[in-house]
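Chemist: What follows is the residue order along each chain.
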Amino acid sequence: MTPVSLTVDGVAKEFNRRSIFRDVSFSLRSGESLAVTGRNGSGKSTLVKIICGLLSPTRGSLAYVVDGKPIEVDALKDHIGLVSPYLQMYDEFTGLENLEVLSRIRADHDITAALIADALRNVGLWDRRNDFVRTYSSGMKQRLKYAFAMLHRPEVLILDEPTSNLDAEGIVMVERCVKEQSSRGMLIVATNDSDEATWCSQRVVLGGERK
Amino acid sequence: MKAVKFVSITLITFVLIAGLAIPLSSNPQGWLEFPNIPGLEQKARNILYHVPIAWTTVVAFLVGTFYGFRYLKTKNIDDDIKSVSAAGLGFMFCFLATITGAIWAKFNWGSFWNWDPRETSIFILLLIYGAYFALRSALETEEKRAALSAVYSIIAGITVPFFIFVMPRIMSGLHPGAKGDPDGSGPVVQLKMSPNMLVIFLLGLLGFTLFFIWLFNIRVRLARLEYKRSVHHS
Amino acid sequence: MSVSSTFALVRKDVHSEFRTRYALNALVMFVVVAVATILFALRSDQPTSSVLAGLYWVVVFFTAMSGLSRTFVSEEERGTTMTLQLVAMPSTVYFAKLIFNTVLTFSLTIAVTILYMTVFSDTFVIQSMSTFLVTVILGSLGFASASTIIAAIVAKANTRATLYPVLSFPILVVLLMTVMSATTKALDGEPFEGAVGDFQILAGYILAMTAGSYLLFEYVWKD
Numbered sequence: 001m002t003p004v005s006l007t008v009d010g011v012a013k014e015f016n017r018r019s020i021f022r023d024v025s026f027s028l029r030s031g032e033s034l035a036v037t038g039r040n041g042s043g044k045s046t047l048v049k050i051i052c053g054l055l056s057p058t059r060g061s062l063a064y065v066v067d068g069k070p071i072e073v074d075a076l077k078d079h080i081g082l083v084s085p086y087l088q089m090y091d092e093f094t095g096l097e098n099l100e101v102l103s104r105i106r107a108d109h110d111i112t113a114a115l116i117a118d119a120l121r122n123v124g125l126w127d128r129r130n131d132f133v134r135t136y137s138s139g140m141k142q143r144l145k146y147a148f149a150m151l152h153r154p155e156v157l158i159l160d161e162p163t164s165n166l167d168a169e170g171i172v173m174v175e176r177c178v179k180e181q182s183s184r185g186m187l188i189v190a191t192n193d194s195d196e197a198t199w200c201s202q203r204v205v206l207g208g209e210r211k
Numbered sequence: 212m213k214a215v216k217f218v219s220i221t222l223i224t225f226v227l228i229a230g231l232a233i234p235l236s237s238n239p240q241g242w243l244e245f246p247n248i249p250g251l252e253q254k255a256r257n258i259l260y261h262v263p264i265a266w267t268t269v270v271a272f273l274v275g276t277f278y279g280f281r282y283l284k285t286k287n288i289d290d291d292i293k294s295v296s297a298a299g300l301g302f303m304f305c306f307l308a309t310i311t312g313a314i315w316a317k318f319n320w321g322s323f324w325n326w327d328p329r330e331t332s333i334f335i336l337l338l339i340y341g342a343y344f345a346l347r348s349a350l351e352t353e354e355k356r357a358a359l360s361a362v363y364s365i366i367a368g369i370t371v372p373f374f375i376f377v378m379p380r381i382m383s384g385l386h387p388g389a390k391g392d393p394d395g396s397g398p399v400v401q402l403k404m405s406p407n408m409l410v411i412f413l414l415g416l417l418g419f420t421l422f423f424i425w426l427f428n429i430r431v432r433l434a435r436l437e438y439k440r441s442v443h444h445s
Numbered sequence: 446m447s448v449s450s451t452f453a454l455v456r457k458d459v460h461s462e463f464r465t466r467y468a469l470n471a472l473v474m475f476v477v478v479a480v481a482t483i484l485f486a487l488r489s490d491q492p493t494s495s496v497l498a499g500l501y502w503v504v505v506f507f508t509a510m511s512g513l514s515r516t517f518v519s520e521e522e523r524g525t526t527m528t529l530q531l532v533a534m535p536s537t538v539y540f541a542k543l544i545f546n547t548v549l550t551f552s553l554t555i556a557v558t559i560l561y562m563t564v565f566s567d568t569f570v571i572q573s574m575s576t577f578l579v580t581v582i583l584g585s586l587g588f589a590s591a592s593t594i595i596a597a598i599v600a601k602a603n604t605r606a607t608l609y610p611v612l613s614f615p616i617l618v619v620l621l622m623t624v625m626s627a628t629t630k631a632l633d634g635e636p637f638e639g640a641v642g643d644f645q646i647l648a649g650y651i652l653a654m655t656a657g658s659y660l661l662f663e664y665v666w667k668d
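Protein chains in written order, with my numbering: chain W, 1 to 211; chain H, 212 to 445; chain R, 446 to 668.
In case anyone wonders, no lab produced these hints; they're calculated from the structure. A virtual CB, placed ideally from N, CA and C, is assigned to each residue, including glycine. All clues stand as given, with none of them false.
Covered, in the sense of this in silico footprint (three residues per stretch, anywhere, with C-beta under 8 Å from a C-beta of chain H), are these stretches of chain R: (1) 588-601; (2) 614-620; (3) 643-656.
Given the sequences, and given the hints that come with them, work out the whole structure.
Modeler: This is the structure in structure tokens:
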């Protein structure tokens, strides 16, 4: 396991001069886990996007250290996996094609057909691998997102509303992924659900600002 | 800034009056007569107004693009305020330049519009400003609005050297100084004007530039106040 | 590493286009309608070479305006922008979309050329094929290099369909004029050397636009 650490310091985000959240700070290391909780609208998904490098913070900083070397969040494509309701797969491709194409774009040459097959089996989509994603139910789409997030065995796994659209079996799959992640790297879970929050050792609560 | 205001108004008023009042003569004596440039005659007076206005619009564009570029680096909304203020003024001056140009065209060449390279260039600049403001009104988030309009003005800025310098070389034009002009690059570039005319011209240039600075200053202060007020209310 | 990444993204876009045919359908219909309209307007009149050159690029321009923004707008509309941001560097995305747009524009020019040669068989005669070919290649590159970043900008805005031509036209004017001038020369059969000045301008334009867009792309793409 490659040791990864993340230090978030004084991060704040504003849109149109409205503050979403202010002064979020925490630090996390491989093997640790963090729950980000808060009411609807408190900025959980926004914070998640900032952690993944998809959004820049208005103030504050984000520092990743991989194997002792500080790395810019933009260079961390291979090390971050995300499951989020905002993430979409390509409907005009099949589940299998999505994973193949996205891996190739990521230029991750270690991802073999066998690994993709394993990932699909792990999330229970092997039988539907050749069907177009537009024919998938929302639960199946969620499972595909897990396959996509875990395929490259990322050291940083971020789950935004982990069990949305999933049935009981799906929830079991998620719990399995969470367990796997603790031996692989760090885990961040953004959720409203208090049960899910208990998966994590640390907690950050967002929101005092009700707009 | 008060000094800038008064100097600019004084200069422009002086230039307006002197430019129109000083008579032409074929053999200018002293400071109170302009030379009679054959072919241009009374119309030469236009140089004193049209060119400084066109010059100011270019200055405004450069200032606007510069602050846009700074916004991209600093993410400071004040830079965007300056960029937009300059652009608004640039739009106005561009419009004026187009109109003064069209009036001259009517008197000089017979029709208001001819699509020669310089005319086309000023028209394109007008389109760029229009596009810039259309883009801004289509973006809701302040941050996106500032960043994207800055990028657009820089991209547009990159095309400007192409159409201003390259096109007159390809196309022959009507403007003094274009490819087909037998007199060479024209009275402005070659400074063929007599000393007194030159002085008035340069004063006009200075006057309009100061005028721009003064208006820019007012617009920026106003925009900052509006910004503070809206923050206070939300 | 990023070269294979870029081509993987181009392949994805091409693959996607063949599956859905959104852009292709619209473009084909547009070209046919545009050329038909011109045909009706001209009837039996024989246009001069400069008019034909102008009409040629008018059709290319408007067709391009109805199609080139799709590369970014479709990602934004379907919500896959975030997915791409997770797997690809901004420079990879820029070059991939640029390549796709260049290929699309070039195919468009070929289509319009064939159509014109068929429909205006008497007047649209390319006397200087080498000039014409170089013009069309440089023209496609020019179109793509300027339009790609505008497409990225427009994808983030509200009134996308109308905004795209409004933003693109002032930027493309230099390109249009130069390319029309070179095409006229190609139709008239002027020697290749005569068009070299135009080609130099086109090459300069392509370089300046591509460099500028590449450097500024990240400010548009990343929120």
